[in-house]
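> With chain A's structure known, arrange chain B on it following the hints.
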Amino acid sequence: MADILAVDDSASMRQMVAFTLKGAGYQVTEAKDGKEALGIAKSKKFSLVITDVNMPNMDGITLTKELRALPTYKFIPILTLTTESTAEKKQAGKAAGATGWIVKPFNPDQLLATVKKVLG
Amino acid sequence: MSIDLKQFHQTFFDESFEGLDIMEANLLDLEAGSTDKDIINTIFRAAHSIKGGSGTFGFSEVAAFTHLLETLLDEMRDNKRKVDQESIDCLLQSVDCVRSMLNATRDGGDIHDQVVTENENRLIAILGKNNSNSTVDPEQETVELTQVNTSISTGWDIRFKPLASMLRTGNDPLPMFSVLSELGELSVTVDSSGLPNFDDLHPENCYLSWSLRLIGDVAKEQIYEVFEWVEDECDLDIVPIESGSEKDGTKVPDALVSSAGEDCTKDGAGAQSIKKTDVGQVKKTATSEVTSIRVGIDKVDDIINLVGELVITQSMLGQIGSEIDDDRECDNRRTERLREGLAQLERNTRELQESVMRVRMLPISFIFSRFPRMVHDLAKKMGKDIKLVITGEQTELDKTIMEKIGDPLVHLVRNSIDHGIEKPDERIAAGKPGTGTVYLDASHQGGNIVVEIRDDGKGLDCDRILSKAIERGLVNEDESISEEKIYDLIFQPGFSTAEALSDVSGRGVGMDVVRRNIRDLGGNVEIKSEQGKGTRMLIRLPLTLAILDGQLVSVGEETYIVPLTSIIESLQIKIAQVNTIAGQAQVYLLREDYIPIIHLSDIFSIPKEKLSIDGGLMVVVEGEGQKAGLIVDDLLAQQQVVIKSLETNYKPVNGLSGATILGDGTVALILDIAGLIRCAKLMDTSLLRSQRIADHAGEAQQGSGQEIIIANMNKEIPDEHDTIH
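Protein sequence lines correspond, in order, to chains A and B.
For what it's worth, the working numbering labels the leading residue of the first sequence as 1122, then goes sequentially.
For what it's worth, the working numbering labels the leading residue of the second sequence as 33, then goes sequentially.
If you're looking for bench data, these hints aren't it; they were derived computationally from the structure.
Listed next, the in silico EDC-like pairs over lysine to aspartate or glutamate satisfying Cα-Cα at most 20 Å (straight line): (1) A:Lys1195 <-> B:Glu265; (2) A:Lys1215 <-> B:Glu257; (3) B:Lys640 <-> B:Asp666; (4) A:Lys1153 <-> B:Asp46; (5) B:Lys69 <-> A:Asp1154; (6) A:Lys1195 <-> B:Asp204; (7) A:Lys1210 <-> B:Glu260; (8) A:Lys1237 <-> B:Glu217; (9) B:Lys560 <-> B:Asp450.
Just chain A, same shape as in the assembly (with noise of 0.2 Å):
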């Protein structure tokens, strides 16, 4: 099963995601910030980024925007977390290379069904 990088800084949210994927039968890593992720990413390959956008040492765009760079995450999903619903917000994502957003608030199902949309 896939391998999914989950990053937040927000214990509850990442226990959350964490905890509903790895239900589902994925692999999860998590991390707590951008520069923690971009460090964990380098060395590993994942099928499935998943970072939140507000975020203390490295912001999930710049996450973003360093994991495009890198030759491996090329055409790797990556799937930013927003509580801000405004268009101007969720293309900031998009314009850093993120493939899509999730919209929090959010339920595990919801979760699941937007990993499946990535992952198939």
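The following block gives chain B in isolation, referenced to the frame of chain A:
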């Protein structure tokens, strides 16, 4: 798959309260007019996380409230709004509101009380005041939602032509199609006519397009949702099969996204009402990294108690080991090995004890963190400019001491703000900067924690304190007392120099209570002040309440323990240095000071072995800044003792702070030096006073104050120590 979100609630609450602390601390650092992006960003992030989490976990009221906060912060972050004092104050109050809302959510109280409503209105008013174009009105979203055309057809023809670059954002048509195939019966036809010659083919580009037919009761929006992320990266046509003419809508309505959000919030509201029933049973099953564990304090105390018993057993074994007769040749080697083992046992026991003690220790920042907000609020209320400087907040302190020192500290800091720091104009007139500073510091000094509260205010007014004390009959007009003693007067019950009691420090709790609380913890408080320059208060506290480094002394047949921290020196008495005043009390000339002599044998009614104290041993001790000489028969070992409470096991006794069990199993009483000195002082003053009374009123029968006091003490101390043994 159904997942119980309750399991994440505890983590959410923990991190949210942490986030609120971060918001508060940074808001206090934020000054009006500031453009410090880092600070604003940090505050924003915390609010943002709380909003996201509360929405996800179903606390919609908290989410709605924090949304307002976040909007305000977002505008500040994007330079759309200036950071002004009104906003800062409102944000600070909002932090309190969110905290109380979260507490109520967790404990099942009233979430939306009047204060929250008021604050919410204030936030809305501020947001409405100027350019708030980024504000998302939740109601508007709902309206949009209802406007969405929910046309349902029995089937759709979809033409999907991605831009060449679509794959480079990680969007892959295949999973999208597989999601579509779950909505109904899907047939896919690929159009490969766009494929270039192999030489011109760029492997990262998408050249294919697709025609799809989806049969089933599917809403158009469901299909849009699948292509939502690529709306700008493709040509998309979705038309009902039967009409075949509708060519509208390559646009995905924004409201689709919010509809996902709304649904979740609704689910969440249900979860919230269930949640109220029992949060206590929430289990963290998904914890990914365990760096700390939560253990009930009673379990830790059980371990500490057991370690205490172990220490006693160890010292008993140690004593037996030292008593083994060295003269018996044959056992020499075994004795040596036994002693080595015992020495190791002693080391290990001590380390074990220290480790266990450390479990109970917490950094003092737990208390210090409440002060920035308090100082900010009070200073504002009183029209003063005050800066708070905190240092040493990582100093660790026993949890019980921490809990009990909070209120006294608050009182002292309030005092500094209320009585110490002057109003800005007053300060400037005195040649000082308009902004006053309160320093709060904690550090380890020897076996103690020292907490210092210092201000650069006007200092204590000796004359006013003295006149007040005379007015209250605490001192006599003709009495000459040192500055130190004058400062000490403010700790007398009922003493207050504030001309009008403000609601800041005049809350019915006096400095006497502060001192009593600190003394109850085995600590003391000391004041130093310089008029016009400021006041410095030093609180000395023991590291722990459970063990004590003690000096064993013998008086007659009894062994007593003197806390090592209170011993200054021990010396052999030269009778020439002893003076007797008023025919009864004895003082000792120690270098330049006269210190009172306390006969432990008198106090504890132990028959004296010899009448003269010449050549005897005196332990010079200090308690609450007062020195005294204790007359003892012998100095025994120094050792760590486990404190057993007299209060729990017997009853409180003046002059004693507790008891312990020695290596040989006997009980030894631990002396409360400050208490003993207080008794001795009481003897002196009552002696002086009664002398005075006798002089003035001729009531000579009360002359022997000392006897009365000793009689009082004897009443409290059992004649037979066996009752405690």
